Amino acid sequence: MTKKKAFKQEYLTKYMYLISLVLVMVVFSIFAPGFLSLYSLQNIMFEAAPLLILAGGLSFIIYTGGIDLGAGAMVSCTCVLTGIYIAKMGNIIVLLMILAGVVMGTLNGVITAKLKLPSFIVTLCTQNFWNYVALILCPNGSIIIPMNMRSIVKWTTVKIGVIPSTFLLAILVIFLLYVFQQYTFYGKSIFAVGANANATRLAGVNIDAAQISAFTISGVCSALAGALYAYKLKSAVPTIGTSLTLTAIASVALGGTSMAGGRGSVLRTSIGVLTITAVTSGLDMMGADPLWKNIIIGVILIGAVCLNSDSQGRDLIIK
Amino acid sequence: MGELLFEAKGIGKDYGATTVLHDIDMKISSGEIIGLIGENGAGKSTLMKIISGVEKQSFGTMTLRGKPYSANTILEANHHGIGMVFQEQSLVGNLTVAQNIYLNREKKYSTAGFVSWRKMNVDAKKAIARLGLDLDTSKKVRDLDFATRQMIEIAKVLDVVEETASGKAIILLDEPTTVLSNEEIDKLFENMRNVAARGNAIIFISHRLDEVLKITDRIYVFKDGAETAEMPTKGADINILYEKMVGRSTTGEFYVEHKQTVPTDEVVMSVKDLSVFGSFNHISFDLHKGEVLGLCGVEGSGKESICAVLVGDEAPTSGEIVINGKNQNFANPYQARKKGILGVPKERRSEGMIGILSLEDNILISHLDGLTKRGLLNGKKTRAIADEWIKKAGIKCTSAEERINQLSGGNAQKVIFARALESGCRILILNHPTRGVDVGSKEEIYSLVRDMTAAGNSIILLGDTLDECIGLSSRCIVLRDGLITGSFECQVGNKPSQKNIVEKMM
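These protein sequence lines map, in sequence, to chains A and B. Position 96 (the first sequence) corresponds to 96 in the working numbering; numbering is contiguous. Position 147 (the second sequence) corresponds to 147 in the working numbering; numbering is contiguous.
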């Protein structure tokens with residue numbers, strides 16, 4: 001009998017991330033009429049696109065058992081760089097931002113792996129550089145992309161069929177990340193490092209390279225997300241990333257990816273991102289008090305993460 | 001024997017549709033030491049868990065000192081005078097010895113919420129003295145070696161159960177000797193006899209049949225969840241036990257010696273004047289193609305450290321490791337693997353198994369870079385390779401997707417071996433390859449070792465027992481205090497005796 005119960009619990013835990021998304025959709029379609037309308041759904045997709053890329057990249061650091069507290073700062077930095085220089089350089093700026101992402105992420109990775117420091121501390125410190133760049137370039141707050149240059153950013157508001165183009169871009173990135181996660185040597189090593197770094201090292205895997213690659217991937221994704229925010233907001237916003245770090249980490253957790261490392265998937269993270277975006281958007285549509293909104297999101301998050309994280313470790317002492 | 005302490009009748013255990021334990025009867029009398037043997041997965045641990053209150057039986061009844069007995073938690077069992085020493089260590093590293101022994105029982109020593117560590121240390125000293133141990137009990141457990149931790153764990157359980165049922169306690173020991181040296185084992189056995197002489201009973205689980213024959217009064221043999229034999233130790237010998245355990249009689253060639261290969265003259269690795277300050281000095285030897293080179297020595301003789309250097313886990317202070325005519329310097333195990341050296345580590349759970357990953361990932365982890373084509377892995381191909389190893393190594397599992405930490409010790413070890421073989425490395429360092437592995441799996445692992453050398457690989461072996469080291473090796477090097485004191489050829493039919501080697505070890 002207890003076995004049956006345990007089985008059900010296991011099943012529930014396994015698919016909780018999907019159940020939470022459906023639940024959120026159902027609840028809001030009841031309380032906010034029009035929540036399931038095409039316009040509303042398109043809006044959710046549009047809002048979710050950069051966050052999908054950001055959280056998708058961040059997932060890899062969490063697979064290694066680490067965390068990146070500077071992801072939001074990287075977003076701010078690249079958002080500002082994109083917003084300011086896009087007028088001069090055009091869309092090629094995105095490639096430059098990806099390059100910047102490689103540099104920022106790899107720097108974090110090298111410090112963490114080679115000096116054997118906790119990623120928590122490293123990213124908490126390095127984020128100050130990225131924030132510095134963002135604020136020094138935009139000392140007086142946001143800078144708007146000039147009206148006559150708007151044609152450059154126009155492609156982001158285009159819809160292909162009914163799907164916003166940026167959402168399609170995000171899906172493409174998630175697909176690439178999935179392939180990286182499942183079908184590359186680095187992807188597999190990243191999970192192994194998170195599951196048991198010592199055993200992985202003794203199995204002759206270059207764990208430093210695996211750890212650094214996770215940070216590089218995350219850096220690239222953060223930079224891409226930052227560029228996308230500049231396109232989306234049509235401005236350079238130096239504080240855009242401040243709240244994004246935690247939203248991204250929350251999305252990963254909401255997807256059921258283990259914070260201890262070794263387990264998870266970018267597909268799960270994507271569902272987490274969609275859930276969080278749907279909640280935010282639904283509360284907006286209901287006209288919830290913005291001060292209350294964050295509290296409600298916090299409560300929902302604790303509940304969802306609690307249901308998602310399985311009670312692993314109980315059987316650790318006894319084999 | 002003394003009065004009947006404990007009786008189990010018709011104990012069984014189901015997990016859903018699978019029965020893991022079936023109709024077990026057991027009687028334990030005061031002052032007895034009982035041996036419990038069986039292959040991994042035979043149900044020994046399940047029975048121990050039921051008796052010690054970790055799990056509930058599905059069928060059957062238990063009687064303790066004439067009264068019906070059942071326990072829902074370990075604590076409850078302790079109150080009845082039944083205590084278990086777990087195979088996996090359960091001490092808290094950052095607490096002191098005394099704090100560990102009296103964990104959850106601090107109340108005795110506290111007044112108004114303040115604990116008198118002094119009093120606790122005095123009592124703890126007495127508790128470990130019962131096992132002939134003398135050390136500073138205010139030391140942190142993490143600073144002690146594994147063997148001492150094991151003794152403290154036993155002292156702790158002994159203290160708990162003797163407190164409530166002195167002279168009538170039952171102590172369950174699940175493979176307590178795996179981490180102990182021969183000398184320590186002798187000491188443990190002496191203490192076990194003392195404990196039993198006070199009227200307590202002990203159930204002793206071990207994979208080492210010679211130990212069971214040495215220490216116990218009576219032996220229960222389990223196979224596939226059922227009791228296949230119950231006999232007094234006096235009339236038993238290794239062959240009988242083996243047959244009852246495995247269900248077939250031993251081949252008489254436990255170490256698969258008929259498949260032992262004669263190494264060629266080709267030197268694959270040459271160690272010259274290698275030293276690690278404080279561990280070993282001026283070690284030189286050649287490893288030949290197809291050779292199993294055994295390193296013998298007591299703990300602290302430097303053999304472990306030599307292994308660590310060869311797999312790239314430790315840097316040598318001086319000396320050379322020459323492969324293909326070039327001096328190699330390994331900064332980490334990755335570089336060692338790239339030069340064709342890979343180890344099977346000693347601590348399976350913490351150093352070998354990547355617990356929450358699948359069998360497939362665990363088997364392939366050392367060879368993923370070699371399987372990558374244009375940056376990508378082929379999912380079908382990797383699965384096929386994993387399936388092939390599962391078949392070849394005889395790994396019992398539901399599928400290649402199963403997590404490795406759901407396997408029994410012997411099966412998990414076969415996965416680690418499959419990893420080493422799949423890696424393509426030509427030199428394998430096996431550090432206690434059969435530690436905590438049952439007899440049946442042992443023979444399969446020995447067979448794998450023979451296959452490795454037959455395929456032209458070379459092996460450096462740190463045997464789990466001296467007997468194993470001699471039986472498997474084609475040559476043995478004996479170490480004492482970091483120096484080579486002897487070298488023995490071990491051709492089939494001309495193996496040196498344990499005595500010859502021990503003389504050089506001490």
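Calculated directly from the structure, the hints in this document are not laboratory data. Remember, predicted model here, so these are calculated numbers, not experimental data. Mixed in with the good hints there might be a few duds.
[Said to hold, decoys possible] Straight-line alpha carbon distances no greater than 27 Å define the calculated BS3-like cross-link-like pairs of lysine-lysine that follow:
| # | chain 1 | residue 1 | chain 2 | residue 2 |
| --- | --- | --- | --- | --- |
| 1 | B | 373 | A | 116 |
| 2 | B | 56 | B | 223 |
| 3 | B | 499 | B | 442 |
| 4 | B | 125 | B | 108 |
| 5 | A | 114 | B | 339 |
| 6 | B | 234 | B | 442 |
| 7 | B | 9 | B | 56 |
| 8 | B | 27 | B | 346 |
| 9 | B | 442 | B | 214 |
| 10 | B | 373 | B | 391 |
| 11 | B | 339 | A | 116 |
| 12 | B | 346 | B | 259 |
| 13 | B | 373 | B | 223 |
| 14 | B | 391 | B | 346 |
| 15 | B | 187 | B | 380 |
| 16 | A | 14 | B | 380 |
| 17 | B | 67 | B | 9 |
| 18 | B | 187 | B | 259 |
| 19 | A | 14 | A | 88 |
| 20 | B | 396 | A | 14 |
| 21 | A | 116 | B | 338 |
| 22 | B | 392 | B | 346 |
| 23 | A | 114 | B | 338 |
| 24 | B | 346 | A | 116 |
[As the list claims (entries may be wrong)] Under 10 Å between C-beta atoms, here's a sample of chain A residues computed to sit facing chain B:
| # | residue |
| --- | --- |
| 25 | 90 |
| 26 | 128 |
| 27 | 139 |
| 28 | 157 |
| 29 | 185 |
| 30 | 191 |
| 31 | 198 |
| 32 | 204 |
| 33 | 206 |
| 34 | 207 |
| 35 | 209 |
| 36 | 262 |
All C-beta atoms in this analysis are idealised placements derived from N, C-alpha and C, irrespective of residue type, glycine included.
Each hint, compared with the structure:
1. B/373 <-> A/116: Between residue 373 of chain B and residue 116 of chain A the Cα gap is close to 31 Å, so the pair fails against 27 Å, i.e. violated.
2. B/56 <-> B/223: holds, 21 Å
3. B/499 <-> B/442: holds, 24 Å
4. B/125 <-> B/108: holds, 16 Å
5. A/114 <-> B/339: Holds, at about 22 Å.
6. B/234 <-> B/442: holds, 25 Å
7. B/9 <-> B/56: holds, 14 Å
8. B/27 <-> B/346: violated, 36 Å
9. B/442 <-> B/214: Given pair residue 442 of chain B, residue 214 of chain B holds - Cα atoms ~21 Å apart, limit 27 Å.
10. B/373 <-> B/391: holds, 25 Å
11. B/339 <-> A/116: Holds, at roughly 25 Å.
12. B/346 <-> B/259: Answer holds: residue 346 of chain B to residue 259 of chain B is near 25 Å, not above 27 Å.
13. B/373 <-> B/223: Status violated; Cα separation ~46 Å.
14. B/391 <-> B/346: holds, 24 Å
15. B/187 <-> B/380: Answer violated: residue 187 of chain B to residue 380 of chain B is near 53 Å, above 27 Å.
16. A/14 <-> B/380: holds, 24 Å
17. B/67 <-> B/9: holds, 13 Å
18. B/187 <-> B/259: Between residue 187 of chain B and residue 259 of chain B the Cα gap is close to 37 Å, so the pair fails against 27 Å, i.e. violated.
19. A/14 <-> A/88: Distance of about 49 Å is beyond 27 Å: violated.
20. B/396 <-> A/14: Holds - the C-alpha atoms of residue 14 of chain A and residue 396 of chain B are around 25 Å apart, at most 27 Å.
21. A/116 <-> B/338: holds, 23 Å
22. B/392 <-> B/346: holds, 23 Å
23. A/114 <-> B/338: Cα-Cα ~20 Å, so holds.
24. B/346 <-> A/116: Holds. Residue 346 of chain B to residue 116 of chain A sits at ~24 Å (cutoff 27 Å).
25. 90: Check failed: Cβ of residue 90 of chain A comes no nearer than 30 Å to chain B, outside 10 Å.
26. 128: With a minimum Cβ separation of about 32 Å from chain B (threshold 10 Å), the hint on residue 128 of chain A is violated.
27. 139: violated, 43 Å
28. 157: Because about 34 Å separates residue 157 of chain A from the closest Cβ in chain B, which is outside the 10 Å limit, the hint is violated.
29. 185: Status holds, d = 4 Å.
30. 191: With Cβ-Cβ at 7 Å, under 10 Å, it holds.
31. 198: This hint holds: residue 198 of chain A lies near chain B, its Cβ roughly 6 Å from the closest one there, short of 10 Å.
32. 204: holds, 3 Å
33. 206: Check passed: Cβ of residue 206 of chain A comes within 4 Å of chain B, closer than 10 Å.
34. 207: holds, 8 Å
35. 209: holds, 8 Å
36. 262: holds, 5 Å
Comparing the model with each numbered hint stated earlier shows that hints 1, 8, 13, 15, 18, 19, 25, 26, 27, 28 do not hold.
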